[in-house]
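Following the hints, position chain B against chain A.
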Amino acid sequence: MGKITKETSTVQKAETPLEQDRAKSVPWYGYVSLILAIIFFSGIFANAEGWLKVFDFTALLGQFGALQGPNSAAATFTGSSGIGARDGFLFALSLAPSVMLALGIVEIVTYLQGLRAAEKLLTPLLRPLLGIPGITGLALISSLQSTDAGASMTRELRDNDMITDRERLLFCAFQLSADGIITNYLATGAALFSLMTVPIITPLIVMCVFKVFGTNLMRLYLKRIPEEAINK
Amino acid sequence: MKKSLIDVFVEGARKGLQINFNSIIPNLIMAFVLIQALKITGILAFLGNAFAPIMAVFGLPGEGITVLLSAWLSMGGGVGACASLYAEGILTGTHVSILIPAIFLMGAQAQYMGRCLGTAGVQGKYYAPLLGIAIVNALLAMLVMRFLV
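Chain order of the listed sequences is A and B. Take the first sequence: its position 113, counting from 1, is numbered 192 in this note's numbering, and each next residue is one higher. Take the second sequence: its position 59, counting from 1, is numbered 71 in this note's numbering, and each next residue is one higher.
Heads up, some of the hints might be wrong.
[Unchecked claim] In silico negatives: residues of chain B with every beta carbon more than 10 Å from chain A:
no., residue
1, 58
2, 63
3, 64
4, 66
5, 73
6, 74
7, 81
8, 85
9, 99
10, 112
11, 120
[What the hints assert, rightly or not] Pairs of lysine-lysine, DSS-like flavour, derived with a Cα cap of 30 Å:
no., chain 1, residue 1, chain 2, residue 2
12, A, 302, A, 199
13, A, 199, B, 15
14, B, 27, A, 132
15, A, 311, B, 137
16, A, 302, B, 137
17, B, 15, A, 132
If you're looking for bench data, these hints aren't it; they were derived computationally from the structure. Keep in mind it's a predicted model, so treat the numbers as computed, not measured. Backbone N, C-alpha and C define an ideal beta-carbon position, used for all residues, glycine too.
So here's chain A without its partners, still in its complex pose:
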């Protein structure tokens, strides 16, 4: 009975901007930009020779020039053995190029509808993987970029009866852990990229796997609670 009501309401809401947006198909360059972005951040071409290196994040990021230290040790402008707030400031400042490069690329991918392509590919997987309907696709992709966008779209979906209370909880379990993952990881996480011993994309994949895992833990937790009792 609840399902029928929900489907009817989906049809009624078909003219909202959210629905219109979903109706548009994704152009070929959306998929191409998505694939290129994955290659770019994966580091597949980190050790490539010649022009292929242009598809590598760290190759384009380059390096700071070296300065001659007092003991003829080479250092960047951040120096070596700094401590406290001053060291933190220079270190944080040295991150600006990687954050700017990463977000410049993300902006291009978004503009070329690469994230819409990801949404399209993910939508049929949402019900089996996360227990939430395909209609959450846009909100889900947005939540990967912005915590606030994801959360407010989730609220809208619930207010318009497009998702149930249970689905909202599952969706929130997905969002809350590593929220805004793309922006946060590529911007803030950039501080650690040069220190890590694994490719940039490895932690990203691990985090995505655990976002799905955590959602299913919530699914198990809610299993014993009947639908009508969820919002009591």
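Positioned in the frame of chain A, the structure of chain B alone reads:
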């Protein structure tokens, strides 16, 4: 009105610069000062000893707990604590790799309670399981990373 890809890139880069100035620099200063204060007072060494057995499960030194605690408050804080401990020679590249997914999986929960759960309209009684799941995700991710580094 179609924009050129150059304009789009510059727009994104500008956002990156804003994030760097408004979020990363203040958060990292906070974390570096915190670690420095913990070091001067000897609390860092104490935490290192106290949490050594637990953190050893994840292949980390005891001081790694400060990264997780700072991360819970803000992702930038967790990242900063991690970078600062690396600079101190307490954490290695392997340790950083193990910690990084955890920093984000349980990151900024203190803020996201409001910004995610509050905005989405989740009922208060579900905050505990949702926050708990994020921490479980983080702990398990560290175990997984141990085998990937």
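Quick one: work out the minimum CB distance from residue 66 of chain B to chain A and report holds if it exceeds 10 Å, violated otherwise.
Answer for residue 66 of chain B: holds, closest chain A Cβ roughly 20 Å.
Exclusion check [residue 73 of chain B not at the chain A interface, CB over 10 Å]
Check passes; 15 Å lies beyond 10 Å.
Taken at face value, is the distance from the CA of residue 15 of chain B to the CA of residue 199 of chain A at most 30 Å?
Holds, because 24 Å separates the two Cα atoms, which is no more than 30 Å.
Under the criterion that the straight-line Cα-Cα distance not exceed 30 Å, is the pair residue 15 of chain B, residue 132 of chain A satisfied?
Holds - the C-alpha atoms of residue 132 of chain A and residue 15 of chain B are around 27 Å apart, at most 30 Å.
A cut-off of 10 Å on Cβ-Cβ distance, and residue 74 of chain B was said to be off the interface with chain A. Does that hold?
19 Å, holds
Sort out whether residue 132 of chain A lies within 30 Å of residue 27 of chain B, counting only the CA atoms.
OK: residue 27 of chain B and residue 132 of chain A at ~25 Å, within 30 Å.
Is the claim that residue 58 of chain B lies outside the interface with chain A correct, judged by CB distances over 10 Å?
19 Å, holds
Given as non-interface: residue 120 of chain B, partner chain A, CB spacing beyond 10 Å
7 Å, violated
Interface-negative label, residue 63 of chain B against chain A, beta-carbon threshold 10 Å
Given a closest Cβ separation of 21 Å, the condition holds.
Are the Cα positions of residue 302 of chain A and residue 199 of chain A separated by 30 Å at most?
28 Å, holds
Run the C-beta distances from residue 64 of chain B to all of chain A and say if the shortest one exceeds 10 Å.
Holds, since 22 Å exceeds 10 Å.
Over 10 Å to the closest beta carbon of chain A is the bar; see if residue 85 of chain B clears it.
13 Å, holds
The structure is inconsistent with the numbered hints 9, 10 and 11, although it conforms to all the rest.
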